[in-house]
Amino acid sequence: MSFAWANSYEPKTDLTKWLDEKLPVPRLVYNAIGAGYPVPRNLNYMWNFGVLAGFFLMFQIITGIILAMHYAANTDVAFGQIEHIMRNVNYGWLMKYAHANGASFFFMVIYLHIFRGFYYSSYKAPREMIWLLGVVIFLLMMATAFMGYVLPWGQMSFWGAKVITGLFGAIPFIGEPLQVWLVGGYAPNNSTLNRFFSLHFLMPFVILGAVILHIWALHIPGSSNPTGVEVKKESDTVPFHPYYTAKDGWFLGLVLSLFAFVVFFAPNALGHAENWIEANPLSTPALIVPEWYFYPFYAILRAFTGDLTIPFTGIVLIEAKLLGVIAMFGSILLWFFLPWLDKSPVRSGSYRPLFRIFFWIFVVDMAALFYLGGAKAEEPFIVMSQIATAWYFLHFLVILPIISQIEVPKALPFSITEAVLGKDEGSSKSATPSAPPAGAMPEPAE
Amino acid sequence: MTIRLGGILFGLAITGVLLLWSLLPGALNFAFPTKPDYYAFQEKNIAPEGGFSFDGPLGKWDTQQLQRGYQVYKEVCSACHSLKFVAFRNLQEIGFTEPEVRAEAASWEVPGIDPKDGSAIKRPGIPTDQFPSPYANEVEARAFNNNALPPDLTLITKARKDGVHYVYSLMQGYNEPDPEDVAKSPDFETPPGLYFNEYFYNINIAMPPQLLDGIVTYSDGTEATTEQMAQDITAFLTWAGEPSLIKRKQTGWFVIGFLLFATFLGFMSYKTVWATKKPKKGSPDLV
Amino acid sequence: MATTADNVNAEEGVRRRDWIHIAAVSTAGVGGASILFPLVSQMAPTADVLAASTTDVDVSSLEPGQSIKGVFRDQPLFVKRMTAEELAEMKAVDASGLRDAQTLEERLGEGNEDILVQLGVCTHLGCVPLGAGEGEDKGEFNGYFCPCHGSHYDAAGRIRKGPAPTNLAVPDFVFTNETVIRVG
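Protein chains in written order, with my numbering: chain H, 1 to 446; chain E, 447 to 733; chain C, 734 to 917.
Treat the hints with caution; some may be incorrect.
In silico lysine-lysine, DSS-like type, Cα no more than 30 Å apart, as pairs [to be verified]:
no.	chain 1	residue 1	chain 2	residue 2
1	E	Lys-490	H	Lys-376
2	E	Lys-604	E	Lys-506
3	C	Lys-824	C	Lys-871
4	E	Lys-604	H	Lys-376
5	E	Lys-724	H	Lys-232
6	E	Lys-506	H	Lys-376
7	E	Lys-630	E	Lys-490
8	H	Lys-162	E	Lys-607
9	E	Lys-530	E	Lys-693
10	E	Lys-723	H	Lys-232
11	E	Lys-717	H	Lys-232
12	H	Lys-376	E	Lys-630
13	E	Lys-693	E	Lys-490
14	E	Lys-695	E	Lys-520
15	E	Lys-607	E	Lys-723
16	H	Lys-162	E	Lys-604
17	H	Lys-162	E	Lys-530
18	H	Lys-233	E	Lys-724
19	H	Lys-232	H	Lys-410
20	H	Lys-162	H	Lys-423
21	E	Lys-607	E	Lys-490
22	H	Lys-12	E	Lys-630
23	E	Lys-568	C	Lys-802
24	E	Lys-562	C	Lys-802
25	E	Lys-568	E	Lys-607
26	C	Lys-871	E	Lys-562
27	H	Lys-423	E	Lys-717
28	E	Lys-723	H	Lys-410
29	E	Lys-604	H	Lys-423
30	H	Lys-410	E	Lys-724
31	E	Lys-723	H	Lys-12
32	H	Lys-233	E	Lys-607
33	E	Lys-724	H	Lys-423
34	E	Lys-723	H	Lys-233
To give an idea of the chain H side of the interface with chain C (calculated C-beta under 10 Å), a few residues [to be verified]:
no.	residue
35	Ala-32
36	Thr-63
37	His-84
38	Asn-88
39	Gly-92
40	His-219
No lab work stands behind these hints: they were computed from the structure. On a predicted model such as this, the values are computed, not experimentally measured, just so you know. Quick reminder that beta carbons are idealized off the backbone N, C-alpha and C, glycines included.
Given only the sequences and the hints, what does the whole structure look like? Please build it.
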């Protein structure tokens with residue numbers, strides 16, 4: 001951390017002094033999430049979701065370890081083991097429902113965290129690395145959640161596993177052997193269940209490692225803020241503790257109240273009834289859809305219904321199946337390029353009138369994809385998901401680069417202090433402020 | 447710059463593919479739909495008058511009703527449907543005493559082995575046994591049921607959309623197809639061996655109507671009408687599917703109350719912490 | 734004057750603020766601690782394990798000198814009909830001189846003539862003692878012998894030699910009828 005005015009850790013007792021010399025963990029915590037980390041004072045509630053995501057990661061790890069004590073990854077007994085947990089294990093029903101709905105809340109929080117990043121351009125320099133690590137975490141989360149959903153070995157577990165591993169079969173030449181290798185057979189079987197359990201147990205710890213890197217990378221430039229103007233001086237910031245610990249704390253309470261409502265009064269509302277039927281490899285459910293948090297990407301996958309051919313010749317260049325797979329993975333992978341696609345010098349969407357319009361159109365587009373991913377594969381939903389998918393790619397790949405060239409941003413405040421207090425001595429002192437530090441934003445003229 | 451150029455080209459390509467090869471045929475399909483005509487089944491399930499005792503956040507089990515439902519399961523459903531995740535000992539939760547559970551368990555035949563020679567036999571159940579399956583395996587079940595498979599009933603109220611009301615409706619949904627529809631298309635005629643039930647997803651169900659008036663004689667004197675039995679079996683199967691339902695809701699009240707209280711204190715603490723940092727704009731005591 | 738009033742207010746304010754922080758943090762602490770309850774109790778025996786905690790043994794076909802090896806709470810259970818010689822021999826032993834002083838009557842339980850019910854778990858470190866099956870090593874006291882660390886028990890299951898601290902455990906049991914014992 002490089003802010004000169006940051007509080008520095010002073011061990012007070014003999015024990016903490018001794019500890020500080022041998023293994024300065026208290027100092028690390030103090031500088032990471034304590035009073036030693038200066039944070040912009042103007043963060044709004046959209047900045048609470050990072051801490052919440054960290055909370056839900058730990059929550060999932062703890063409830064998951066407990067469920068693993070009672071679960072057995074064997075296709076003969078897995079479904080019955082879930083019932084054993086629900087009926088015989090002390091508070092097993094609570095652990096099962098908390099873990100299943102915890103995954104939903106984890107994704108809910110993560111989506112809000114990501115959309116905060118979209119609106120305030122949190123991916124822009126000097127924070128590209130934080131963003132890249134975030135996309136990695138999101139991909140790891142998706143893999144983990146997918147494998148976790150297979151473990152109860154219900155109908156949706158089985159058919160979800162079959163459909164998603166089937167995606168790899170679309171890859172030319174190596175697809176089919178790759179699919180057989182992934183599954184360990186010709187259809188999801190006992191080997192599949194075992195390896196998914198093993199990986200589902202491992203991945204959260206990989207995610208935890210990536211999260212530590214994500215937070216480390218965050219502490220190098222410090223947190224972004226709703227104005228997008230970089231921190232200049234002490235009055236722009238407050239120490240993380242107690243200011244943001246208090247804010248995160250009460251907001252966590254609010255979100256947990258909502259979570260408790262779902263867990264205790266509507267624990268199956270976010271799931272699918274079919275998954276309470278034991279897996280049957282010979283009978284497909286009427287509608288195979290993933291969990292709700294995969295809907296947008298599932299909609300993109302299903303949008304491609306026609307092969308890419310050379311018109312009037314019948315020569316197939318790319319099959320529809322492969323196109324869908326490319327688009328689905330591409331729709332997330334393109335987030336890796338976001339810092340270089342959107343080159344507008346202004347970060348915050350609040351000061352970018354044109355961007356803001358398209359941001360909200362994009363939000364509507366994503367909402368549509370969320371809806372369409374869970375809808376039946378029939379008209380008019382297919383056409384609608386094709387339009388929504390096209391807009392998704394246009395937004396990131398065409399609209400963002402173009403508006404970052406043509407847009408005239410609104411005037412930025414001189415500093416965070418000015419944005420909060422309406423005045424800042426520094427801004428009126430001279431017409432030519434001291435040279436901004438490297439990487440900072442150019443100040444717009446009054 | 448190369449990234450942006452590449453991005454724009456890739457984005458236009460994806461959009462182009464969608465437009466030309468997917469959207470156009472799709473739009474044609476949309477404009478001239480070729481959707482087959484289905485008999486519309488009743489998607490909206492019915493509920494008993496006044497609802498079930500376990501409905502809502504303050505719901506409670508009606509143990510008398512659960513015991514009646516158990517009687518219906520035992521005397522009617524269990525001939526074809528298993529209840530494999532429930533054990534006889536669980537019957538204590540619906541108000542049977544321990545000796546009653548022992549007697550109840552002993553009235554069922556469960557698979558066991560002969561202690562002398564190890565051959566497979568049937569023995570009377572003990573409380574720790576699970577409810578036995580009426581068929582040895584799926585093949586036998588289908589052979590006895592005109593190739594239909596009677597599903598396990600343990601989780602039936604969770605394994606169907608709006609499952610509680612679905613079971614209640616299905617039990618009372620046996621009917622005759624509308625003669626006008628049958629006149630329109632022979633497809634609407636009920637095939638032999640199947641029964642018309644407008645709550646079943648494809649209208650024709652393999653299970654014959656079961657809960658005929660008076661098919662059981664309730665030991666508590668309640669009149670065994672179809673509606674009464676449908677209500678009782680639905681309650682029993684709801685309990686079988688989720689025995690922790692009521693405990694869960696009661697715990698929920700306590701947990702949410704505590705969390706809201708903690709959230710309120712946290713909010714007050716937060717307001718106090720930020721008091722000097724966030725007064726109204728332009729106020730002189732800002733720091 | 735105004736300064737004094739301000740100071741007083743400020744002090745009160747500090748106290749009020751402290752109160753709300755302490756209340757908020759300790760409430761959160763109580764919440765965190767109560768989460769531990771389900772987290773800890775989930776490891777306790779599950780309902781199906783608790784329900785299987787009684788075992789019925791039919792002793793009608795048990796001849797003198799024979800044993801039945803049963804299972805009680807996932808552990809071996811030895812049920813033996815002792816022979817007349819064994820009963821006489823065990824009655825003659827002066828119990829007060831033993832490491833774990835118990836008479837034969839105390840071992841058999843009230844109203845029980847000759848059926849010895851005990852857990853087949855050595856009280857030293859939990860191995861299964863030999864002696865209940867045909868032809869097994871009965872040890873120096875013609876009863877049970879634990880091969881793990883050399884504990885010798887007599888025919889009434891009392892520790893006579895070796896490291897085990899107490900006699901083989903006798904579980905609670907009742908005769909539900911003439912021939913069936915319910916253990917647990």
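Checked hints:
no. : hint                     : verdict
1   : E:Lys-490 with H:Lys-376 : holds, 18 Å
2   : E:Lys-604 with E:Lys-506 : holds, 18 Å
3   : C:Lys-824 with C:Lys-871 : holds, 19 Å
4   : E:Lys-604 with H:Lys-376 : holds, 21 Å
5   : E:Lys-724 with H:Lys-232 : holds, 19 Å
6   : E:Lys-506 with H:Lys-376 : violated, 37 Å
7   : E:Lys-630 with E:Lys-490 : holds, 24 Å
8   : H:Lys-162 with E:Lys-607 : holds, 23 Å
9   : E:Lys-530 with E:Lys-693 : holds, 22 Å
10  : E:Lys-723 with H:Lys-232 : holds, 17 Å
11  : E:Lys-717 with H:Lys-232 : holds, 26 Å
12  : H:Lys-376 with E:Lys-630 : holds, 28 Å
13  : E:Lys-693 with E:Lys-490 : holds, 29 Å
14  : E:Lys-695 with E:Lys-520 : holds, 28 Å
15  : E:Lys-607 with E:Lys-723 : violated, 51 Å
16  : H:Lys-162 with E:Lys-604 : holds, 23 Å
17  : H:Lys-162 with E:Lys-530 : holds, 27 Å
18  : H:Lys-233 with E:Lys-724 : holds, 18 Å
19  : H:Lys-232 with H:Lys-410 : holds, 20 Å
20  : H:Lys-162 with H:Lys-423 : violated, 61 Å
21  : E:Lys-607 with E:Lys-490 : holds, 11 Å
22  : H:Lys-12 with E:Lys-630  : violated, 90 Å
23  : E:Lys-568 with C:Lys-802 : holds, 23 Å
24  : E:Lys-562 with C:Lys-802 : holds, 15 Å
25  : E:Lys-568 with E:Lys-607 : violated, 37 Å
26  : C:Lys-871 with E:Lys-562 : holds, 27 Å
27  : H:Lys-423 with E:Lys-717 : holds, 23 Å
28  : E:Lys-723 with H:Lys-410 : holds, 26 Å
29  : E:Lys-604 with H:Lys-423 : violated, 60 Å
30  : H:Lys-410 with E:Lys-724 : holds, 25 Å
31  : E:Lys-723 with H:Lys-12  : holds, 28 Å
32  : H:Lys-233 with E:Lys-607 : violated, 58 Å
33  : E:Lys-724 with H:Lys-423 : holds, 14 Å
34  : E:Lys-723 with H:Lys-233 : holds, 15 Å
35  : Ala-32                   : violated, 20 Å
36  : Thr-63                   : holds, 9 Å
37  : His-84                   : holds, 7 Å
38  : Asn-88                   : holds, 4 Å
39  : Gly-92                   : holds, 7 Å
40  : His-219                  : violated, 25 Å
Hint violations for this structure: numbers 6, 15, 20, 22, 25, 29, 32, 35, 40, all remaining hints satisfied.
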